[in-house]
Amino acid sequence: MKNDNRVNYIRIIATILIIVSTLYLLTRLMMPKYDIGVIEGALVAEYYDEVKGHDLIFIGDCEVYDNFSPAVLWQDYGINSYIRGSAQQLIWQSYYLLEDTLYHEKPPVVIFNVLALMYNEPQREAYNRMSLEGMRWTPAKIRAINASMMESEHFLDYVFPLLRYHSRWKELSSADFTRMFKKDKVSHNGFFINIGVKPAINVPEGRILANYNFGAKAMEYLDKMTALCLENGIELILVKAPSLYPYWYDEWEEQVKVYAKANGLKYINFLELIDETGLDFMTDTYNAGLHLNLTGAEKITHYLGEFLLNNTSLADRRGEADLATRWEEKLLLYNREIERLSAGLDVE
Amino acid sequence: MLFTSYEFIGFLLVLFISYYLIPKRHQWKLLLVFSYLFYFIAGPVYLLYITATTITIFFFALKIENLSKRKDENFSGDKKVHKALIKNKKWRLLLFALIINIGILAISKYTNFAIANANSVLRFFGVAAEKQFGFRNIIIPLGISFYTFQAVSYLIDVYRGTVTAERNPFRFALFVSFFPQLIQGPISRFGDLSKTLFLPHSFDRIQVSYGLQRILFGFFKKLVIADRVAVGVTEIIREPDIYNGAFVFIGMFFFALELYADFTGGIDITIGVAQVLGIKVAENFRRPFFSKSIKEFWKRWHISMGTWFTDYIFYPVTVSKPMLRLSKWSRKNLGTALGKRIPIYLASFIVWFTTGLWHGASWNFIVWGLANWIVIMISQEFEPLYNRFHNRFPRVKEQTAFKLFQIIRTILIMNMIRSFNYYRDVPLTFRMWGTMVTERNWRIVFDGSLLGLGLSMADYVILLLGVVLLVWVSLKQRNGAVREYISAKPYWVKFVIWYGLFLSVLIFGAYGIGYDASQFIYNQF
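As given, the protein sequences belong to chains A and B, one line each in that order. To convert a position in the first sequence, counted from 1, into the numbering used here, add 3. To convert a position in the second sequence, counted from 1, into the numbering used here, add 402.
Don't take every hint at face value.
[Said to hold, decoys possible] Quick partial rundown of chain B residues pointing at chain A, CB under 8 Å, derived from the structure:
#: 1; residue: Pro-724
#: 2; residue: Phe-751
#: 3; residue: Ser-858
#: 4; residue: Phe-897
#: 5; residue: Leu-908
#: 6; residue: Gly-911
#: 7; residue: Gly-914
Bear in mind the hints are in silico, worked out from the structure with no lab data behind them. It should be emphasised that the depicted structure is a prediction, and the values quoted were computed from it without experimental measurement. Think of the CB as a built atom: it goes at the ideal place given N, C-alpha and C, for glycine as much as any other residue.
Please work from the sequences and hints to get the whole structure.
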C-alpha cells in the first residue's frame, strides 16, 4: 500500500513536471526571436539588464529610439540616460512604462515625445506586442495590457504567449531552436543605430483631418504622466522629434504648447530648430524624413545635451568613476557597432 | 460565449468546482443558475424568449395532465361524452401552446423570409419596390430552434401520456435551458434527460475524466480540423467563378469534413460537459460516414433531430384523418401497392420540407431537404430492383468491395445534396454541379492550385492526420468505447495519448489572432 502511494506521488510529480517543462519549452520555441527579426520588439526588455540610476529617461515611440543617442549625451555632456521606447508606442504604454521604470529607479528628468498624442485608440496588435511583451510582470504591465488590447486580443494571450504564437509552428526556422535561450543586445541604452541615408524628397503634406483635437484618452494619459512626474519630483519635458512624417499639424503644436504652458512643462519642438541643430534632411535621415540616422540623431542630441545642462538640474557626471567605467565599455560597443555598420558587415 | 472561447473554459471550471463542492441536493439549482447565466451572457434579451417558452409549456403541460387525470375521475354522466370533452379540451390546449411557441419560433426566424418571398411575388406582378414590404429587424434568440423543439417534445409527450408533467417550474426551466445542449442540441427528450439531470451526483473520477477526454476530442475536431478546413471552404464559396469544376468536387468533401468535425465536435463538448456533471445526454451521431444509404445516413447523423421529426411530425401526419382518407382513396384508385406508398411519401415530403426549413430561413435549405426526400423516395422505388439483383447474386451483398461502393456512393450523394447549403444559392449550386462536367480542370489536384485556397502544405498534412485519427476512432468504436480502450492501457501510454491530443489542439488549433473565431455551424440553426 505504502509503495503504491509512493508510486502515485512520483507519477503525479513527474506528470506535472513534464507538462510544465514541455509548455515552457514550447513557449520559448514559438515566441518570435525579435533580436534577429523585428528588432523593435526587443528594445523594452533590454532595460532590465541595465544598472539603474539614470539621470534621464526618454519615453515614446520610434521618434525616441531612432532620434536620440544616450552615448552622445554621456560622451559630451556627462548625462546618463536610457530610452524606453518601441515602435508606435502608444501614450498609455509610455505612461505604464514610466510607472514600470519607477519600480526600479527615480530619474530626475523624463522626456516624452508627443507624437503618440495623435493616437487615441490601439492601432495594431503587432505593435502592442512589441511594446508590452518585453515588460516584466508588474501591476503596471497588467494595466498597460488592459489599456492597449484591441478587440481581437485577449489578456490570457499575454499571460500565456503560446496561445498567441502557437500558429508559428508553420514558420519555425533553425534559429527558433538554437535561440530559445539566447538573446543578443540590439540597442545602445535603448538607442537603435542606423547609418543609412535616404534623403527626404517629396515629403507628403498632411491630409486634412476632420478633427484636430487630440483624443480624450490620449490627453488623459498625458495628464496622468504629468501628475506621476510631479508626485515623484521628476521634471517632465515634452519634445517633438524632427520627423517630417507623420505630419505634425500646427493645431497639434498649439495644443501641446498650451498644455505645456498650463502645466509648467518645458517643450522643445525640434522641427522648429532645424537651423539651430544643423539638421540636413538630405543626409541625416535613413528613411526619407521619417526617422533620423546616426548623424541626424547625434546632431539633435547635442542640442538636447546643451539644453539639459543649461535648463535642468542635471549635471555632468563624467567624474564618477564607476559610471565612467560602465560607459567606457558601452561607448566601446557603440563605436564598434558604428564601425561594423560603416564597413557594411553582416550582423553576426 | 463560444464553446471554444477562454471564457467558456473559465465558466466550466468555476461550474465544475462549485458543482462538486455544494450540497448535492442543490446541484441542479446551480446548473439552472449557470444555464441562465450562459444565456444571459449570449444576450440578455434572449432570456425573455426562453422564459416565455418555459412558462407557457410548463403551464400548458400541467393543465393537460390535470385534464388527463380528470378523464379517469368518476363521472355520473355519459363517460364517453366526458372523455371526448376532455380529449377535445386537451387538444385545444396543446394546439394553443404549440401556436404560441412555434409562433415565436416562426416569427423570429421566418418573418423576413416570408417578406422576401412575398416581395418576389409582388415583383412578379410588377408592384413597385416602394410598395413592397420592408424587412423587419427581428432578434433571433440563440438556439431557439433547439430549445423550442425540446420543449415542444415534452409538451406532446405529456399530451400523449408518455411522460409525467414536471411539477417544479425551476426543474422544467433547467430541462429547457440546460446550457451545454442549448445552442446546438442534441434535442433531448424529457424522459431521457430527466433521469440524470435532477439527481444528486457524487464526484466520479472515471466519469469526470471520460467527460474531460470527450471535451478535448471535441476541441480537436473543432479547432484542428473544422476551423482549418473552413478556410478552404470559404475561399471556394467566395469565388465560384474561379473555383469551379474539380474545385467544386473537392469543396464538397471539404465542406463534409468541416460540417462533420464542427457539429460532432460541438456535440462531443456537450456530451463531455454533461458527463463531467454526471448527466447523460444521448448520442447524436453514430459514424454517419459508414452509412450504406441515405436513409441509413439519417439514422446516424443528427439522430435527435431525425427522431424528433419522425415522432412529432411523420407519425402524427401519417395517422391524421386527411391522410387516412387519402390512403383509402389512393388504394382504391391507384392500386394497393402504390396507394399504400403515397400517404407515406406525402408525410415524408412534409417531414423533409420542415427539416429543411428548420435548418434555415432560406430556399437552399428547403431544396436541400427536398433533395434528401427525392433520393430516399427514388431509392425506395428501386428497392424491388435491388432485391431482384441481390437474389440473383446473393454473395455480392456480403463483399467488402460492394459495401465500400455503397459507402462511397452515399458519401458522394450526400456531398451533392449538401452543396445546396454549401453555396446557399440554389441556381448557383446547379451551375456549379454543371461545371464539374464541363470544366476539365482536374489537374488542380496535382499542380499546387489547392495551396491557393489559404491552406498550406502543412495544413493539408494536419488535416490528413486529423482525418486518419477520425477514421481510426470510428473504426475502433465499432468494437466498443475508445476511451475505455485507452483507459485500459498503462499510465504513461494514456498520458502520451491525452497530453499529445491536448498539445495538438494547443499548437495546431486554428484559434486566436490570425484565425477567425468561428461559430459552430449548428449554432446558426
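* To do: Quick one: which hint numbers does this structure break? Sort them smallest to largest.
  => 1 and 2
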